[in-house]
Amino acid sequence: MKALEFRRNIPRYAAARLAGSFTPGRGSGVGPMRLVDADLPELPNQDWEIVKPRLSGICGSDLATIDGKSARYFEPLVSFPFIPGHEVVGDLQDGTRVVLEPVLGCVSRNLEPLCRPCQDGQLGNCEYVTFGDIGPGIQTGSCHDTGGGWSVAFAAHKSQLHPIEENLSDEAAVMVEPTACGVHAALNIGIDSEGTVTVIGSGTLGLVTISALRSYFPDVKILATARYPHQRSLAIDLGADIVVAPNEIKRAVRRMTKSRAISLSTDAGNVDRLTGGSDVVIDCVGSSESITDALSVTRPRGKIVLVGMPSVVNLELTPLWHREIQLVGAYTYGTETLMDGSNARTFDLAIDLVESAKLDRLVSAIYPLNRYQDALEHAASAGRRGAVKVAFDLRSEKERDLL
Amino acid sequence: MKNEKNLAPRPGFVLDVDRTSPPVLFHHGDTFKLEKLPVGRSRVIYPPEPLEGLRDPDGAIRHALENPIGDSEPLSALLRPDMKLTIAFDDISLPLPPMRRPDIRQRIIEAVLDSAAEAGVDDVHLIAALAIHRRMTEDELRHAVGDRVYDAFAPSGRLYNHDAEDPDGMVVLGETPHGEDVQFSRRAAESDLVVYVNINLVSMDGGHKSTATGLSGYTGLRHHHNVHTMRNSTSFMDQENSELHASNWRMGKVIRDAGVKIFQIETTVNNNTFGRSGPLAVLQKREWEWSTRDRASFVAMQKGLDVMPSSARRQIFNAWEAPYEMTSVQAGEVEAVHKVTTENVYQQQIVEVEGQTDILTMGLPYISPYNVNSVMNPILVMCLGLGYFFNMYRGKPLVREGGVVIMSHPTPWEFHSVHHPSYIDFFEQVLADTTDPIEIERKYEKQFAEDEWYIHLYRNSYAYHGVHPFYMWYWGSHALEHLGRVIIVGGDSSAVQRLGFQSASTLPDALEMASDVVGPQPTITHMKNPPIFLADVK
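Quick mapping for you: the protein sequence lines, in order, are chains A and B.
First residue of the first sequence: 0, per numbering that gives the first Met the number 0; consecutive thereafter.
First residue of the second sequence: 0, per numbering that gives the first Met the number 0; consecutive thereafter.
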């Protein structure tokens, strides 16, 4: 079975890090990932099924892994070798089309009793991601035993599978998982129906977050940063009120919030600090620069939500202390409490949003698995090349028909 | 009073470019270019040579004060010991470049203060009538009014910059029949006499605009500093066809009817911008008359500038003080005075031009009214080219409707953060969204005009008011509506793109691009400006 496999190989990992530092995505050529003929994963028990991916997206966290930039934090939380790919729309063997909810929580691990977060439906916060019937792995795509979406087939627990309607295209369905991340972030900003939210970054995560914010908070004022023209127009189209270049964020937030500015030098017209700021900042980038920007444009007692996966960052946290800013993460999804107090699964909300906001348009390019290096380089330079989401297309893989 | 001496300086001139014509000097920010224009279909408009200045400017001033024009008594008859006297004067935006000392304002203010002292007037305030321009620094005020006046009045708080956002310092005097609020300086409104000291560099300046605009604020200015007014001012350099002036004149009547007595003193200067001799004299000579020495000095200057960083070039040019000479001074009732002043401006600046052109080229210099001692940012480039230069006409625009303007300027993506903070935001936010003046006015003006931080910086730092970049854009709105395309040669391409214009590396490239709009073999007219001229287009 054709698959892209990621092995533990320190020298190759170092080579990927070096190559990726020159050209994003280039780590795929020299790093520990290879196109292999892998075995079909064994199903741990009768609650598991084989999924044959149709489209499988490439995510920022995948790219960080491939370019050797992901945090060592994950080392004990994954099991090698693994097959990446967690943004998946695929077919079950009976032909049912499904999207994958990739988090491997207590239920899929066959653990009883469930951990507290899993009991509460907060799957992404599962405390036992290294225990149970399968090897360590926070999600499908980082667990050796399940396989992953960048292959012709992988194993998934029934609880991870969401059948989808016929009218939802594969391109739309592959956007459900990243959209769920945006929905989760949007529904956890902790403000009422009005206020100001700044979204840093207008890549896939930024755009789906903007879309979710606009959907659930029609009266919130949304400012977004976008580096490229197509990101800018998509951000506007999906509901951002104001879109500016990343280096314009401080001045833009000042204008939006009618804050005053403080200058470091005698140049009184520079904006180095804000007296006020945005109620909430959602960082969809996760770099030292973006988090520093977030800290500089969040109002006192405001909130920063980290959606983009950060790694090792270098930050001055004085503003966090001085302005009593909350810095919280937003990882994956589970169950959300809506504005009317009702609960809903994030994936169900995401499926609705993908359809209503036509998020299939964010899928810019698809590649066969054989061209994985081109695909990964394209994904790593998506913004610059006018793209948003790049995915693998496995629909034409002949091996699918044999499974 | 006008100078009787007449050395017959040559009038303006329109050169038809032929094979023998030398390359034409184009201003290009703080550098220059020599450009060859296509033979047989190009012409160059040269400004008139500088008129002779008044031989005795101080005598002329004294004469004007005691021999007023129109329905006005002599200044001395208007002064009495117990009165409240306010002397308002033009700000740093006039003249351009700043003139050598003594500045005309100093000469006039000293004369007025001498008369006031003789009459025993104690309550005298001097106000830089800057409307919503940036405040003048101490050095700039000293340059304008002289050290003696500054030291006598500034320390006691009687010489200061107008503050259009001082809630206690502004008053609405009434409304014009057109529903325009007339907002005015409270100090000026409550004075027994306002003496206004003007330098009329171009025909847009002076008249009721001096006070109705210079001593007003956003509440008043918004009625005429808007897209509708500017598009109905054809041009705003021609008072007879300018809605900008009609509105100011309506406001002037309200000011007068509210009991504000104004004694207007207006002056004109000649075209001696770069000197008849000296390092920049070559800039106001006609190219075919350049001597060997002129050519050598130009080449040396050009080479020197080329190796300098732009900050050094800017410093050099900002230090240039024009040897302007006063060509006339007249005082008395506002409208009568201004009529004479305007004729005197025309006498220096009018050049008769036959017919319109397909393409109008202009070399934009390093300075505009709003970047004295500052940075010529992209918005000011637009305003100078499409606002001021385009509107330097009477009759009809130099370029035909649907024609092309080609401006030569480096147009750096650079701003002076102290002087132009709201310009940065206008460029980053507003122009990134739209360049349509109507849309800009509707969607963004109020937000910027009422932004507290901008107001704070305008009042306490040296920032132009938050709404000022909007007015710069409106200044060019008549041109934007009239033209088929705007091209900037040698500009920062991303800044040019943000302005909504096209970028060209060279003038031949720009001419090629323009032919897409105006067709092959277009007629071309180049404005050789500065020194300033006003085209009377037949």
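It is possible that some hints are incorrect.
One side of the interface only, derived from the structure: several residues of chain A facing chain B at Cβ under 7 Å [claimed, not checked]:
#1 162
#2 247
#3 259
#4 260
#5 268
#6 269
#7 272
#8 300
Derived DSBU-like pairs: lysine-lysine, alpha-carbon spacing no greater than 35 Å straight-line [what the hints assert, rightly or not]:
#9 B:32 with A:220
#10 B:445 with B:32
#11 A:357 with A:157
#12 A:397 with A:1
#13 B:395 with B:284
#14 A:257 with A:220
#15 B:338 with B:302
#16 A:357 with B:442
#17 A:249 with A:220
#18 A:249 with B:35
#19 B:445 with A:220
#20 B:537 with B:442
#21 B:35 with B:284
#22 B:32 with B:442
#23 B:32 with A:257
#24 B:442 with B:395
#25 B:442 with A:249
#26 A:257 with B:445
#27 B:252 with B:537
#28 A:1 with A:68
#29 B:32 with B:395
Rather than coming from a laboratory, the hints here were simulated on the basis of the structure.
Where is the CB? At the ideal position from N, CA and C, for every residue including glycine.
Verification of the hints:
no., hint, result
1, 162, "violated (43 Å)"
2, 247, "holds (5 Å)"
3, 259, "holds (5 Å)"
4, 260, "holds (6 Å)"
5, 268, "holds (3 Å)"
6, 269, "holds (5 Å)"
7, 272, "violated (12 Å)"
8, 300, "violated (21 Å)"
9, B:32 with A:220, "violated (48 Å)"
10, B:445 with B:32, "violated (41 Å)"
11, A:357 with A:157, "holds (27 Å)"
12, A:397 with A:1, "holds (10 Å)"
13, B:395 with B:284, "holds (27 Å)"
14, A:257 with A:220, "holds (13 Å)"
15, B:338 with B:302, "violated (45 Å)"
16, A:357 with B:442, "holds (28 Å)"
17, A:249 with A:220, "holds (16 Å)"
18, A:249 with B:35, "violated (46 Å)"
19, B:445 with A:220, "holds (18 Å)"
20, B:537 with B:442, "violated (39 Å)"
21, B:35 with B:284, "holds (17 Å)"
22, B:32 with B:442, "violated (39 Å)"
23, B:32 with A:257, "violated (44 Å)"
24, B:442 with B:395, "holds (31 Å)"
25, B:442 with A:249, "holds (21 Å)"
26, A:257 with B:445, "holds (13 Å)"
27, B:252 with B:537, "holds (33 Å)"
28, A:1 with A:68, "holds (26 Å)"
29, B:32 with B:395, "holds (28 Å)"
Hint violations for this structure: numbers 1, 7, 8, 9, 10, 15, 18, 20, 22 and 23, all remaining hints satisfied.
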